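Fit chain B with the ligands to the given chain A structure using the hints.
For the protein sequence lines, the chains are A and B, in the order given.
For the record, in the first sequence the residue sitting at position 197 is 199 according to the numbering used here, with numbers rising by one throughout.
For the record, in the second sequence the residue sitting at position 104 is 117 according to the numbering used here, with numbers rising by one throughout.
Hints in this document: simulated from the structure, not taken from any laboratory.
Predicted, not measured: the structure shown is a model, and the values here were computed from it.
C-beta atoms are modelled at their ideal positions from N, C-alpha and C, and glycine is treated no differently.
Be a bit skeptical, because a hint or two may be false.
[To be verified] Non-contacting residues of chain A with respect to chain B, defined by C-beta distances greater than 10 Å in every case (computed):
1. Lys41
2. Ile72
3. Gly159
4. Thr161
5. Asp170
[Said to hold, decoys possible] Quick partial rundown of chain B residues pointing at chain A, CB under 10 Å, derived from the structure:
6. Gly36
7. Ile43
8. Glu130
9. Thr162
10. Glu165
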Amino acid sequence: MSRLYRDSGVVLRTYKLAESDRIIVLLTEEHGKVRAVAKGVRKTGSKFGGRLEPMSHIRLLLHEGRDLDIVNQVDTIDSVAPLMIDLDHITQGMAVLEAVDQMAMDREPNPQLYRMLVGALRTISTSDSPLVVPAFFWKLLALEGVRPELDVCVRCGETAALVAFDMDHGGVLCRNCRSGAPISAEALQLMRLILGGQLNAALAAPVSQASHEVNNHATRAVEHHIERKLRSVAVFERH
Amino acid sequence: MAATYTQPVQTLIDELGRLPGVGPKSAQRIAFHLLKAPRDDVARLAHSITDAKTRVRFCVRCFNFAEAELCPICLDDRRSGQVLCVVEESRDIVALEKTGEFHGRYHVLLGAMSPLEGIGPEQLKMKELFIRLEPEGVEEVILCTNPNTEGEVTALYIARMLKPFDVKVTRIASGLPVGGDLEYADELTLGRALEGRRELT
Ligand SMILES: [Zn+2]
Ligand SMILES: [Zn+2]
Chain A
3 MSRLYRDSGV VLRTYKLAES DRIIVLLTEE HGKVRAVAKG VRKTGSKFGG
53 RLEPMSHIRL LLHEGRDLDI VNQVDTIDSV APLMIDLDHI TQGMAVLEAV
103 DQMAMDREPN PQLYRMLVGA LRTISTSDSP LVVPAFFWKL LALEGVRPEL
153 DVCVRCGETA ALVAFDMDHG GVLCRNCRSG APISAEALQL MRLILGGQLN
203 AALAAPVSQA SHEVNNHATR AVEHHIERKL RSVAVFERH
Chain B
14 MAATYTQPVQ TLIDELGRLP GVGPKSAQRI AFHLLKAPRD DVARLAHSIT
64 DAKTRVRFCV RCFNFAEAEL CPICLDDRRS GQVLCVVEES RDIVALEKTG
114 EFHGRYHVLL GAMSPLEGIG PEQLKMKELF IRLEPEGVEE VILCTNPNTE
164 GEVTALYIAR MLKPFDVKVT RIASGLPVGG DLEYADELTL GRALEGRREL
214 T
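This is chain B alone, in the form it adopts within the complex:
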């Protein structure tokens, strides 16, 4: 299909279309919305993007979003370092924090293993997890990856790698429906799943 928009419009559509979950039609719709919106609104959006991008980085310890070296959770010394909850993305921390059930620390893998896409342990913050265990005196690792195939492969792989370590390895309970993303689970279900976690051997 030949580009029929002027070049700046087409560039905007192309850029939006590169965002996750945004197809060509949505990209077009968002672009038109932005072009019709008041200049101030658009400036605020542009600013919030560049502002977040310059100020936010990954916590050097757990890879959660942070504004400093460490994220607010790692900085909070009321939180126990003995229990570590492994998640795929920062958004899963948000979901788990809402349950109010977890008082330990996190480790964000920044993704999940996906054999069919060639995403293995090297592409994730896996080594970084293993080297945390001893210095932080971790006694239990809870694997809170998504209850789908990729999350399950990731959890089983970590469990296997953790065998030589002297830590208890648990998996969030199967009260969570398989196939759903963790971020969509309600607090109650997620809280119960966390409570009913089982040990992986």
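Chain A extracted, bound-state conformation:
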């Protein structure tokens, strides 16, 4: 009955279990979100070493269980080491993991989400762009079918003087119809780059008022979609 299977995955989070085990929550390439037990992983000298920490990108051999699978073997694809040396990289990585954990479905394959997550973590470890996480959030929402309207007022169809952004209404609003939060022309332009297939141009933008705006709108939009706060963002926002 119980069968072994191989897959690649990213560790989304872990929970302590009993004395020295952990439950590992993974987004796998072919099996969607999977929960598996890693036995003895908290012991020094565990055969899993540090390969099951959040953000680890790994190749796994798993034993299928009724509820929880069991981790049998782990090989590193991308080590977390480059992410772990910088506080900003870790916090960005955590925000990405939390959003994915909230949106991914148990045992429902979503290879595109998996590829996006791997790409986002790689970009975080090599880029200092302030827009890596917001860009990922907008792409994630687009993948979920929630793509904000950025070109015409969602209420009246006006194309000029777009000054506000409201996820409740699904996008930008003109001066006459405005609701939600204000948005600057620069921020709107960055969002158009992100969602219009010009990600690299967006990632080249420096830290600015506009990048902060895009960041805030992206966080609020994800929170609106998952109907709860992103904890990993809130923890660092207070400072």
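Chain B with the ligands in isolation, oriented as in the chain A frame:
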């Protein structure tokens, strides 16, 4: 699942099941063990719990377990106040003391930052660490949080907050395998890790 035990038994199982690392099955096993054990043994256990809970508190300075205002380490004036070792829990002090390599004082955070669980600096004894530095003349802070993601976030966050202070900030060496809990490291490895600590900039 309907409760099939009489109410006192079920209450005991429920209470035990709230302990860390004790699942429903273990809770049941422990409860049955206690119910079969001699009355004296159980009384001793109950007494030791209430006794520890009434007599033990947190050291007002370092948040280690203490029986008085200050813990035995803070009271020991042979220990140097110039080097401060930051740990997540009191049990890590026990592990570090076994190495015999450290003669400074400690600061217990009572946990680690966990962004995914929403545990940030406010939930830890972080401010309490920063206000110790000047009055105690601390020259070096060694960050001995666990070598895992949460421990690493905590260490990097403290290092960033300590930048404006005139103290050397070091991190316990990476001789420790990532992913393991500090409390499971053997004395030799831990002692070596402490010796080979590196400065964080
Ligand atoms: Zn309008
Ligand atoms: Zn003390």
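Against the structure, the hints come out as follows:
Distance check on Lys41(A): its Cβ is at least 13 Å (rounded) from any Cβ of chain B, clearing the 10 Å threshold; non-interface status holds. Listed as outside the interface, Ile72(A) is consistent with that label: its C-beta sits roughly 16 Å from the nearest C-beta of chain B, beyond the 10 Å cut-off. The non-interface label for Gly159(A) is consistent with chain B: the shortest C-beta to C-beta separation is roughly 41 Å, beyond 10 Å. With a minimum CB-CB distance of about 40 Å to chain B, Thr161(A) clears the 10 Å threshold, and the non-interface call stands.
No beta-carbon of chain B comes within 10 Å of the beta-carbon of Asp170(A); the shortest separation is about 25 Å. Annotation: Gly36(B) was flagged as interfacial toward chain A, and the flag holds, the nearest CB pair being 7 Å apart, inside 10 Å. Against a cut-off of 10 Å between C-beta atoms, the interface hint on Ile43(B) is violated, since the closest Cβ of chain A lies about 13 Å away. Taking 10 Å as the C-beta contact cut-off toward chain A, the hint placing Glu130(B) at the interface holds, the least distance being around 7 Å.
Annotation: interface hint on Thr162(B) holds; nearest CB of chain A at approximately 5 Å, less than 10 Å. The beta carbon of Glu165(B) comes within 5 Å of a beta carbon in chain A, closer than 10 Å, and the hint placing it at the interface holds.
Of the numbered hints listed earlier, the single one contradicted by the structure is hint 7.
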